[in-house]
Amino acid sequence: MRKHTLAAAALSGVLLAPVLVRADETPLPRQEWSFDGVFGTYDRASLQRGFQVYKEVCSACHPVTHLDFRDLTQIGYTEDQVKAIAAGYQITDGPNDEGQMFQRPGRPSDPIPGPFPNDQAARAANNGALPPDQSLIVKARPGGPNYVYAILTGYKEAPAGFKLQEGMNYNEFFPGYQIAMPPPLSDNAVTFADGTPATVPQMAHDVTSFLTWAAEPNLDDRHRTGFKVILFLIVAAGVFYAAKRKIWAPIH
Amino acid sequence: MADNRPGATARIIRWIDYRLPFVQFLNHELNEYPTPRNLSYWWNYGSLSGIMLVVMIVSGVILATQYTPSADLAFDSVERIMRDVNYGWLVRYVHMNGASMFFAILYIHLFRGLYYGSYKTPRELLWIIGVIILLLMIATAFMGYVLPWGQMSYWAATVITNLFSAIPLIGPGIVTFLWGGFTVGDPTLHRFYALHYLLPFVILAVVLLHLVALHRHGSNNPLGIDHKGPQDTIPFHPYYTIKDLFGLTVFLLIYAFFVFYAPNFLGEPDNYIPANPMQTPNHIVPEWYLLPYYAILRSITFPIVFISSKLAGVILAFSSLFVLFFLPWLDTSPVRSARFRPIYKWVFWLLVIDVIALGWVGANPPAGIVVTVGQIATFYYFFHMLILFPLIGKIERPLPLPSSIGAAVPIGGARLGGVEAPLAKP
Amino acid sequence: MADVAQQNIPETHPGETRRDFLYLTAGAIGGIGVAATIWPFIDTLNPARDTLALSSTEVDLAPIQVGQRLTVAWRGKPVFIAHRTPEEIKAAEDVDISQLRDPQKDSDRVQKPEWLIIVGVCTHLGCIPLGQRTGDDRGPYGGWFCPCHGSIYDTSGRIRQGPAPLNLWLPGDADMASKALYKFTSDTAITIG
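Chains as they are written, first to last, in this note's numbering: chain A, 81 to 332; chain B, 0 to 425; chain C, 196 to 388.
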């Protein structure tokens with residue numbers, strides 16, 4: 081059994097190796113997240129502030145393709161609040177009996193509409209760049225939430241001698257250091273309903289938390305269930321080991 | 000017949016068994032089956048593999064009730080499973096991490112066989128069937144990875160199917176045939192889905208053959224010597240059933256940790272981006288369990304006589320698996336277990352390090368020292384298989400074997416290996 | 196040969212009860228583990244959250260004139276909304292329910308007598324009865340008529356002739372998952388489900 085532990089340790093080292101070797105960019109500063117670690121959970125107040133940031137800043141260019149309005153009840157909004165949020169959007173529906181598409185107020189069961197009808201329209205409005213869908217961005221980038229936070233707070237003056245291309249912005253953590261998105265956040269860009277001061281780090285933290293939830297809405301459930309499963313398995317392992325020793329006693 | 004007396008149950012069982020010897024069969028193969036008494040925990044990995052096959056089939060069928068195998072809907076259907084289907088996230092993560100667990104278990108099972116000579120006579124066919132299972136698993140896993148239709152799904156499919164274009168003359172035609180079009184696309188996805196659903200049941204059948212071959216001569220054991228009689232064996236139940244159950248629980252702990260706390264650790268973030276045929280990811284990397292073959296594939300950066308570097312890489316990568324078929328004949332050692340093979344005992348670990356190094360090479364972009372290490376590691380792999388296996392068996396002087404398992408491992412405990420102990424009284 | 200292998204296991208001796216308790220515990224833990232694992236897999240087949248989100252429909256009744264009928268979709272089935280005329284209401288209330296195959300008072304089938312809201316699926320074998328569009332055959336009772344096998348419903352949607360065994364269902368009655376009916380959110384609007 082000792083050999084097994086040794087093998088497991090060696091394998092873990094190997095599994096980590098690609099992660100360590102591939103860091104050819106500026107290392108990401110690690111933030112503290114409420115959902116970090118085995119006992120991590122989402123902070124709903126932060127998620128709601130993050131949704132506000134998304135809605136008032138990011139949604140101008142970025143869709144959240146996999147979110148429906150009804151999903152917002154998971155971050156603490158009531159059914160009525162969600163109905164009101166949805167009703168504030170116009171959704172294209174149809175065709176009606178005349179064969180025409182028409183607009184109607186949103187319902188909780190509708191997907192949250194993106195700012196553009198298709199990718200081509202999005203590119204046309206953004207100098208050829210396509211603002212990526214945000215509903216999975218946290219899982220779609222190495223570094224996850226730390227990466228998204230770093231991008232949002234990583235804008236600075238290009239260092240002397242750095243050739244910044246037309247229409248691009250210098251960002252310390254974006255691969256290649258040049259990003260098409262201009263800095264989206266500035267102090268007090270939104271006014272938080274709960275009175276939290278809307279500094280750039282605060283907004284970046286909240287919107288990143290929101291986006292982490294958007295990518296992984298079942299995290300709380302997963303951690304809770306995982307705790308019960310692992311506890312059960314530890315007890316089971318103990319009982320089975322005792323039974324094994326007992327049964328094997330005459331042989332050993 | 001709805002009588003509750005124990006006699007009635009026995010009568011029903013007898014009635015069935017007389018016509019279809021089902022209970023008798025299970026009793027012989029799983030209950031009283033004489034198994035070497037000295038099996039270590041390295042022998043748990045066979046039953047673990049079987050259990051993982053069942054887990055993958057069950058979770059896969061459940062996913063199949065919700066997944067849509069169409070290029071424009073596949074990615075969204077997976078996200079729907081993750082978000083809307085009750086416990087969908089659990090089944091998906093179980094299936095996704097289950098593939099990794101399955102390969103980890105299988106590779107340990109394979110290396111156990113390498114160390115203890117489980118491939119040697121009379122278990123050559125058992126070993127060969129095992130290699131067939133490995134090949135089928137690699138094919139299944141590769142096709143399964145395409146199904147979510149993420150960036151890595153699409154581009155890994157493109158790269159790997161393009162390998163066949165290296166075949167002279169007919170290569171490009173074969174690739175078009177595999178794709179069902181001019182690139183990886185909707186037809187490719189549909190056929191990969193059909194085959195991914197089919198192959199596990201083929202694997203199931205081959206596993207049954209594997210078990211039939213196993214039960215012909217029984218399990219090998221850490222001493223590598225045949226069991227000669229009842230003093231060497233114990234019934235499979237309850238000894239190995241409980242040991243397997245305990246091993247399963249420990250394994251499930253590791254599996255559960257990945258599923259519940261690090262479900263995407265072994266995966267690629269790029270696969271959460273929907274497939275874009277117009278844009279290739281910066282680094283195309285397969286899942287970790289395919290990295291060594293990928294490294295060998297990329298290691299040939301120069302043509303060999305009339306064979307292009309691409310074709311040479313393809314041939315070597317496939318050969319790295321095919322060479323395993325010949326292992327029972329490549330290895331010339333008269334003894335099975337590395338415990339009694341003083342040279343091979345250490346050389347074995349060189350192969351382990353080599354395979355891990357190949358994995359590291361496969362994970363990294365092919366530049367600088369990575370290429371050099373990859374070439375050395377590829378060379379060593381074939382050197383080990385084709386030169387060292389025959390050579391070491393010939394030049395090595397094996398340690399004296401114990402007279403029997405019962406002698407080496409008598410009831411009541413004793414030191415193992417090479418020390419003679421009186422035959423225990425039954 | 197098997198007997199000798201069996202002889203390697205010692206005879207039972209004092210301490211067996213403790214051993215048996217251990218095995219019993221192990222068996223129970225194994226059983227609980229298997230059951231707890233199987234349930235989520237089966238639960239994936241229950242309606243998913245997006246399906247459940249579409250489980251209620253709101254209908255604005257204001258545009259429906261007296262005597263008019265509207266069909267809306269609810270949980271994948273048609274729902275007949277009939278703005279009944281006084282004659283239709285009287286015909287429905289005057290029936291001697293002891294003569295009915297599926298006795299039910301009209302007042303038990305409506306919340307407001309001028310609005311009949313029933314599921315438009317024949318209780319025989321599931322066809323959609325005629326009677327919603329002008330010009331449709333409504334059968335001799337002025338209700339609905341199913342063309343598949345000739346079931347005839349009255350102005351309360353109750354079965355009068357033909358092979359159907361039950362009255363047309365109220366929303367939720369045939370759905371084992373919930374007893375949700377409909378409710379008036381105002382004088383001219385309902386939420387079904």
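Treat the hints as calculated values from the structure; they're not laboratory data.
Predicted model, so just to flag it, every value in this text is computed and none were measured.
Among these hints, one or two may not hold up.
To be verified - Distance windows between CB atoms, simulated: (1) C:Pro358 - B:Thr182: 49 to 59 Å; (2) C:Thr383 - A:Tyr169: 20 to 30 Å; (3) A:Thr172 - B:Gly367: 49 to 59 Å; (4) B:Ile368 - A:His84: 49 to 59 Å; (5) A:Arg110 - C:Gly225: 51 to 61 Å; (6) C:Thr246 - B:Tyr260: 27 to 37 Å; (7) B:Ile15 - C:Thr232: 22 to 32 Å; (8) B:Val201 - A:Phe182: 45 to 55 Å; (9) A:Asn207 - C:Ala257: 30 to 40 Å.
Said to hold, decoys possible - Here are the simulated SDA-like cross-link-like pairs (lysine to any residue), alpha carbons at most 25 Å apart as the crow flies: (10) A:Lys308 - C:Val229; (11) C:Lys272 - C:Pro242; (12) A:Lys163 - C:Glu253.
Glycine included, each C-beta is placed from N, C-alpha and C at the ideal position.
Original post:
CB of Pro358 (chain C) to CB of Thr182 (chain B), is that within 49 to 59 Å?
Top reply: holds, 57 Å
**OP:** Take a quick look at whether Lys308 (chain A) and Val229 (chain C) sit within 25 Å of each other, Cα to Cα.
**Re:** Since the Cα atoms of Lys308 (chain A) and Val229 (chain C) sit roughly 14 Å apart, the hinted pair holds (cutoff 25 Å).
Original post:
Taking only the CA atoms, is the gap from Lys163 (chain A) to Glu253 (chain C) under or equal to 25 Å?
Top reply: holds, 13 Å
Subject >> Distance restraint evaluation - Asn207 (chain A), Ala257 (chain C), Cβ atoms, bounds 30 to 40 Å >> reply: violated, 48 Å
**OP:** Compare the distance between the alpha carbons of Lys272 (chain C) and Pro242 (chain C) with 25 Å, and conclude whether the hinted pair is satisfied.
**Re:** Status holds; Cα separation ~16 Å.
**OP:** For Ile368 (chain B) and His84 (chain A), compare the CB-CB distance with the range 49 to 59 Å and indicate the outcome.
**Re:** Given range 49 to 59 Å: violated, Cβ gap about 32 Å.
Subject >> Ile15 (chain B) paired with Thr232 (chain C), Cβ distance criterion 22 to 32 Å >> reply: holds, 29 Å
**OP:** Indicate whether the distance between the beta carbons of Thr383 (chain C) and Tyr169 (chain A) respects the range 20 to 30 Å.
**Re:** Between Thr383 (chain C) and Tyr169 (chain A), where Cβ atoms are some 25 Å apart, the hint holds.
**OP:** Given the hint of 27 to 37 Å, check if Thr246 (chain C) and Tyr260 (chain B) actually sit that far apart at their C-beta atoms.
**Re:** holds, 30 Å
**OP:** Could you check the hint for me, namely that Arg110 (chain A) and Gly225 (chain C) are 51 to 61 Å apart, CB to CB?
**Re:** 41 Å Cβ-Cβ, so the 51 to 61 Å window is violated.
Original post:
Has the hinted range 45 to 55 Å been met by the Cβ atoms of Val201 (chain B) and Phe182 (chain A)?
Top reply: holds, 52 Å
Original post:
Does the Cβ distance between Thr172 (chain A) and Gly367 (chain B) fall inside 49 to 59 Å?
Top reply: With Cβ atoms ~53 Å apart, the hint holds.
In summary, the numbered hints that this structure violates are 4, 5, 9.
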